[in-house]
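Chains A and B are the protein sequences, given in the same order. In this text, residue positions in the first sequence follow my numbering: the first is 711, and each later residue adds one. In this text, residue positions in the second sequence follow my numbering: the first is 711, and each later residue adds one.
Keep in mind that the hints are not guaranteed to be accurate.
In this list, chains with the same sequence are indistinguishable; a pair is considered to hold if it fits within one copy or across any two.
Derived lysine to aspartate or glutamate pairs resembling DMTMM-like cross-links, with alpha carbons at most 20 angstroms apart [unchecked claim]:
hint, residue 1, residue 2
1, LYS791, GLU906
2, LYS791, GLU907
3, LYS791, GLU772
4, LYS791, GLU748
5, LYS791, ASP914
6, LYS791, GLU1052
7, LYS791, ASP743
8, LYS791, GLU754
9, LYS791, GLU804
10, LYS791, GLU871
11, LYS791, ASP1003
12, LYS791, GLU964
Quick caveat, the hints were computed from the structure, so don't treat them as lab data. This structure is a prediction, so every number in the text was calculated from the model and none was measured.
Below, each chain spelled out in residue letters.
Protein chains: 2
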Amino acid sequence: MRWSPPATTQAWSRAISAAAAEIVVALDANGADLGPREVALGAERAAAQGGVRVLLFGSAAELGPAPSGVEIVDAPVSVAKAPDPVRAVRSAPESSIAQAARAVAEGRAGALVSGGSTGAALAAGLFSIRRATGVHRPALAAHVPVPGAPVLLLDVGANAEVRPEHLVQFAHMGAAFARGVLGLAHPRVGLLSNGEEPSRGTADVIAAHAVLAAGSAPAWSFVGNVEGDGLVSGAADVVVCDGFTGNVALKVMEGVSATLLGAVRGAAESGPRSRAGGLLMRPALRGLRDELDPERAGGAYLLGLRRLAVICHGRFAAAGFAAAVRVAARGVREDVVGATGEALAAAGALRRRSGPAEGEGASAAGASVPGRP
Amino acid sequence: MRWSPPATTQAWSRAISAAAAEIVVALDANGADLGPREVALGAERAAAQGGVRVLLFGSAAELGPAPSGVEIVDAPVSVAKAPDPVRAVRSAPESSIAQAARAVAEGRAGALVSGGSTGAALAAGLFSIRRATGVHRPALAAHVPVPGAPVLLLDVGANAEVRPEHLVQFAHMGAAFARGVLGLAHPRVGLLSNGEEPSRGTADVIAAHAVLAAGSAPAWSFVGNVEGDGLVSGAADVVVCDGFTGNVALKVMEGVSATLLGAVRGAAESGPRSRAGGLLMRPALRGLRDELDPERAGGAYLLGLRRLAVICHGRFAAAGFAAAVRVAARGVREDVVGATGEALAAAGALRRRSGPAEGEGASAAGASVPGRP
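Looking at chain A on its own, in the form it has when it is part of the complex:
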């Protein structure tokens, strides 16, 4: 970031208070399908809105001159396409994602945003930023763009198998994020299951239901089990599940949306009459498509670390990376991590026994490969 002294006293004062409130986000430029320059464009757009400065980790030669509000840290090594991201992050501490995560761990940035590889970002986050105190397992949360009833779904893939106490923590983590970042004053939290009755679900889901129904959380309410169709009908603001089911559910939603919108497009091209109709409806359908745009949410949120991390999809364009940086900055400003810890403590849901030093490593492996720790 280039700094030049403001011309007036008033401008000085504004600049000083902006600097005080300014949040630094570490952004990995590698892993995006459209290349590092597209990520840099997203960083520039986010910074242009004020209140956030970006540390951008990538190849300085590829990235060119730093845009305003962005500081480039030369980190040409990428592990975004590594077949085994956990091992790649371990063996390449100079990689852009590992450096970006370390910047967050060391306090040079308040949150991490990754440009594409979920596995590498998960591993780097767990190794460097580490789990927040008392958190069993970080979870990946997605803000699903359902028309009229968006829902925060977690876990969508960090943990293929979870225990009941993990699901209970996910509820607190999701609620704190929904309050701080999504701006919901009193989120309704549900448990994904194959029936609405408390007796429906796997043994672990039934056990988690019992704990959530018995507990009390002043800042949010537990609405019980939510079925698959309830995910898209506004039955809850936050829905909690294991990472296997959540990943399948999220991808089914994305797949059905794409297939159906494609079929509607196909119907609109199925003859001259339909074509005329499709042209007339295009502006309204474009509104719907924008509402369903996954880039608006900025990606998936890795909750349960000492600092917030946002993981972008590799196919995102600049708008998606800009949204991710803004979400990350908002998470820092609203102290989602602190609020999560307080809520877990108040609910008696903190992990009691501190894991051994190896715990972090085992947990990282657990996050990207399946199996209980």
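With chain A's structure known, arrange chain B on it following the hints.
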């Protein structure tokens, strides 16, 4: 069924061969939202197409005179709305679903169709018709109407938790049904997971993958893991999973379809220009809606019993019940149960140890309430 002698020799000969090929389906008239008469109308329509005769179990007083091709068995007791269907079926052997299932078990009908309650049909099927020899667990399969790429998904709710050998059997059961009833010569069978690599999934999914990848089935092929979006993109003809995940996935698909088609309808009513466009596109969109109509598939198929059972959705109208009866008859004609047994035997996937007599009861409980047996 009323019988009157045909007028000509040729007609006699046709009638005799039809009677020889005629399949009897036992249909429970209780449980449909639109009432027993709607179910009877469905039975009549199915019978009118020939080759099938229906034994209809319900209140004779409510049903009125039997339509052509339909024989009414007076069974006024309904357990379709019972809160605990397993217990209700046990304690009410005179209920319509219990009687219908017994008719199949005793050979008076070749297949069972239920008019609405999944839990009651599952319980009655397990108690009376019982598991096929060598089958661990029956599974509920749904033929999901994806535009251009319909998929048979199982289990969608009979077993909240399954072991790897169950998933392997589901693959054989689904493939045999796809060949016999859906008319696919060489179905492609996939395993639902949170990643395409064989190493992705829960420990049970990974174990099932290893068995399926190592085995060989001449009549179908294993295409590996299928992700949530692969469910709707034609990645496989048959997709296998546990009943918890399958139920969530199916309901997410239904929910997203309904929400999106509603949003498209909303867009088509959002102003005079869109309204005009919507009117022009209506015939094409109606074609898509028809293609997505869940009643066309006739309901869900309970596979793994000694006889086929089809479970309709309570909200079905006559067309749905007619489709269910035709699917059931086709399953009998093509001997899906026999083909499944042969495939399991050839693959060495039959259940080795015969369970105790209590096994059937425990399995029934396991099918409608969660937890391993």
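Do the hints match the structure? See the list:
no., hint, verdict
1, LYS791 / GLU906, "between (41 angstroms within a copy, 16 angstroms between copies)"
2, LYS791 / GLU907, "between (43 angstroms within a copy, 15 angstroms between copies)"
3, LYS791 / GLU772, "within (17 angstroms within a copy, 66 angstroms between copies)"
4, LYS791 / GLU748, "within (17 angstroms within a copy, 57 angstroms between copies)"
5, LYS791 / ASP914, "neither (34 angstroms within a copy, 27 angstroms between copies)"
6, LYS791 / GLU1052, "neither (37 angstroms within a copy, 45 angstroms between copies)"
7, LYS791 / ASP743, "within (11 angstroms within a copy, 53 angstroms between copies)"
8, LYS791 / GLU754, "neither (25 angstroms within a copy, 60 angstroms between copies)"
9, LYS791 / GLU804, "within (15 angstroms within a copy, 63 angstroms between copies)"
10, LYS791 / GLU871, "neither (25 angstroms within a copy, 34 angstroms between copies)"
11, LYS791 / ASP1003, "neither (25 angstroms within a copy, 41 angstroms between copies)"
12, LYS791 / GLU964, "neither (23 angstroms within a copy, 35 angstroms between copies)"
Of the hints listed earlier, those the structure fails to meet are numbers 5, 6, 8, 10, 11, 12, in rising order.
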